[in-house]
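Student: Okay, here's what each chain looks like letter by letter:
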Amino acid sequence: MGAETVCVPAPDGEAGAGVSGKAISGGAEARAVEARPPRAARGWRQLLAMRELGVLIALGVLVVLFSLLQPAFLTLDTFGDILTQAAELGVAAVGVTFLMIAGEFDLSVGSNFAFAGVLLALLVTRLAVPALLAVPAALGVAAFIGLLNGAITLATRIPSFITTLGTMMMWRGLALAITGGWPISILTASTLLDVLGGKAVYGTLRISAIWLLLVTGIFWMLLGKTAYGNWVFATGGKREAARALGVPVARVKLINFILAGVLAGAAGFMQFGRMSSMSPVWGDALALEAIAAAVIGGTSLMGGSGTILGTILGAITMAAIRVGLVMVGAPSYWYTAFLGVVIVLAVILNVKLEATFAWRR
Amino acid sequence: MAAVARPGAPLLEARGISKAFGKVQALLGVDFHVGYQEVVGLVGDNGAGKSTLIKIITGVYPPDAGELLFEGRPVRLHSPKEARALGIETVYQDLALVEQMSIARNFFLGNEPTRHAGPIRLLDSSAMHRITEQVLREIGITTLRSASQDVGVLSGGERQAIAIGRTMHFGAKLIILDEPTSALSIKETRKVLDYIGEAKRRGLSVIFITHNLYHVYPVSDRIVVLDHGRKVGDFAREAVSIDDLVELITLQREAASGRT
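Chains as they are written, first to last, in our numbering: chain A, 32 to 392; chain B, 876 to 1135.
Extracted from the complex, chain B is given alone in its bound form:
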């Protein structure tokens, strides 16, 4: 239960979060925080409450009890839009990319740069290509030939890079990655883990949700374990081994099956 020492308030803090859906208690009194420039792995079995916690942090629904603080200030989120305005961005499994459109068009979707041409505003297509290619190079993706390629022809890892690069470029402070490696090859997974490292180096914080301890362990500064709606572990990476985590999750599962 080692708490990492940080000066001042963390970037995001959730205190005593509870949420029930009918009779199902999805979360019960969960404390959770993410520091500045910190990668937090959020792990746990199916039904542990990971996605409920994320949906509360991203404003999808309000908690029954508890409070959220962002950059030290209490916030009440009513929609994902409000969370995004604060700088909390989610990269979902299906990535919010349109396969039939080019990389550059996807990258700027909803935020298109325009330039005036007489009385009308046109897409600044050269800026779109230049910035997209630059950001993707910076994030460490070198396999793309050009930003005018369709997203549909890209690999899962390349798509992750575009989605992560997009959130970084548009000023996210906290990126939430929901199972970013679940459908990827080993090689692609390693690349996505590199992108997470790059995001951290650029000053962002990351919540990395996964089933796979072997993916989350190498890149996380801290690992939080949820089980049946409760937080059962919160470790600095140095203070815990993968085996410890596996044991903890397995023990919880056995205890739970003993209970029922």
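Just chain A, same shape as in the assembly:
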């Protein structure tokens, strides 16, 4: 099952896999300057300089709003529901964020999510492939979908927006073709489904929340604490500068396309686990929702900046809107309208905060 912890093929023999708890606690905070004496004022300044400040404010406002309208919103059960909703989107959005920071897009993540998901479902049901083989195989296909996006984009130099628009349709069509358009379900008890995200570990909190936490931790570290992360920022920030300093920008982009593919597939598996079923039509809005989560969390559409924590908070914000609107009794189609407003407001907030507080870093 370790397949979803994503072995990162970092270049130059850098091992990115196998993160231990010890390693995480040993990571020095990038923004902390050791030479400086700690001061209370500095804590405030750091908070104001945080790139996640905008999404934190947005999420805080929403939580207060929904709690006032519906006191039951502020419970652990609701929190579990929100994390369940956020988990699949969040995992896919982390891959999209990585790619966006490197200056590329992947519109095909929703199709990859569906194709890898139904492929896994087909393998374990109709073809009776053991789960321990089926999961890595389907994840390999998800990685291949990402690789193909990257290879086409880099070899032909067409915008990834276009490449992945095409592959989005292609893989969606293939997902429909291999299933005949029907969902594939597992109706009996299944360890595979439990592990992928179906099992509740505490109240409404599911295993999928743990996958989300794991993916967040690994990619937060990869982006912020490794040389590879530095290369990702530079590749999207100023490609020519990065290249002049010896950063293999094409390889960085290709790896990020693959990571986006793997995480999209993994999100599909989590959906399969939660629903005990996988439909080839699911995830049709995932690509745009993942981009929305990233930009709410402060990731730039132009590349070069963004954070993993911001994206996860963006996904949680979107899930909180969905759960909150249901709890206050709003018809479900209000979700999309409300989300649209929140996206625009959050991005305006991010831009204003960046302009006001960037110098404080």
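Everything labelled a hint here was simulated from the structure, so no lab data went into it.
Fair warning: this is a prediction, and the values are worked out from it, not measured in the lab.
Note that beta-carbon positions come from the ideal geometry of N, C-alpha and C, so glycine has one too.
Errors might be hidden in some of the hints.
Just the calculated beta-carbon pair ranges, DEER-fashion [to be verified]:
| id | chain 1 | residue 1 | chain 2 | residue 2 | range |
| --- | --- | --- | --- | --- | --- |
| 1 | B | Ser954 | A | Phe369 | 48 to 56 Å |
| 2 | A | Leu196 | B | Arg951 | 41 to 49 Å |
| 3 | A | Pro190 | B | Gly904 | 44 to 52 Å |
| 4 | A | Met200 | B | Ser1030 | 31 to 39 Å |
| 5 | B | Ser954 | A | Ala168 | 39 to 47 Å |
| 6 | A | Met200 | B | Lys956 | 37 to 45 Å |
| 7 | A | Leu178 | B | Lys956 | 25 to 33 Å |
| 8 | A | Thr187 | B | Arg1005 | 43 to 51 Å |
| 9 | B | Val950 | A | Arg188 | 47 to 55 Å |
Position chain B against the provided structure of chain A, taking the given hints into account.
Tutor: Chain B in isolation, oriented as in the chain A frame:
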């Protein structure tokens, strides 16, 4: 035409360099050298051949004729990478800095120090900050609050300091500065000239390319004037005044317009 006396071979020597692009003769039989711990101002009008000469020295393209010697040995450069491996670093006008990244991350981009944490290698973030702040202090930049500031919020002069400090720290022997003062205020320009002086004190050689004689004159040991692909002057600073240089460049320009 006073030649500065130096013991042994210069750091960099270019002999009889010629380069043509189609019918345009960009350089014709140019001899050029840079001594150890010497600041050479390379001046001339647009189209004089300054950037062509620099691109040959930095391996961007090969000369049609002539040879390059570095530390007394003949070298044939096929790429900027090879020039960099020798210790020839260029600081371009756009500086090769990423605005959205912090100073420390920019400083070590492509050369990140890492430390082992169990099975994985992590950025040595405290070393990155410590070394960056130390190098920038040494070069004489005192206005920065911390190395975790984004480059995007810095002034042009501060960016120059980071780019120059980076090349110094990573073992450059010859730093080529392409119009480092062109977009700067008077105050900032003076600072950048100080950084050049500091680089020299630390044993580096500098080629300073500019249009502005008033910027290059105070910091240069020697000034080389190019015009229409030929070297028309090579003076020790003491042997020439700014007025002489202005006159030389203007005369060349008038002669050229007389020719056409």
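Student: Each hint should be assessed against the structure and marked as holding or not.
Tutor: Here is how each hint holds up against the structure:
Distance hint check for B/Ser954 and A/Phe369: the Cβ-Cβ separation is about 55 Å, which falls inside the suggested range of 48 to 56 Å. Range check, A/Leu196 to B/Arg951: Cβ separation about 47 Å, and the 41 to 49 Å hint holds. Taking the beta carbon of each, A/Pro190 and B/Gly904 are about 47 Å apart, inside 44 to 52 Å as hinted. Distance hint check: the CB atoms of A/Met200 and B/Ser1030 are about 48 Å apart, inconsistent with the given range 31 to 39 Å.
For the pair B/Ser954 and A/Ala168, the supplied restraint of 39 to 47 Å holds, since their beta-carbon distance comes to about 42 Å. Distance hint for A/Met200 and B/Lys956: a CB-CB separation of about 41 Å, consistent with the stated range 37 to 45 Å. With their beta carbons about 27 Å apart, A/Leu178 and B/Lys956 fall inside the hinted range of 25 to 33 Å. Look at A/Thr187 against B/Arg1005: about 44 Å separates their beta carbons, and that is inside 43 to 51 Å.
Under the hint 47 to 55 Å, the C-beta atoms of B/Val950 and A/Arg188, about 34 Å apart, miss the expected range.
Of the numbered hints given earlier, the model fails hints 4, 9; all others are met.
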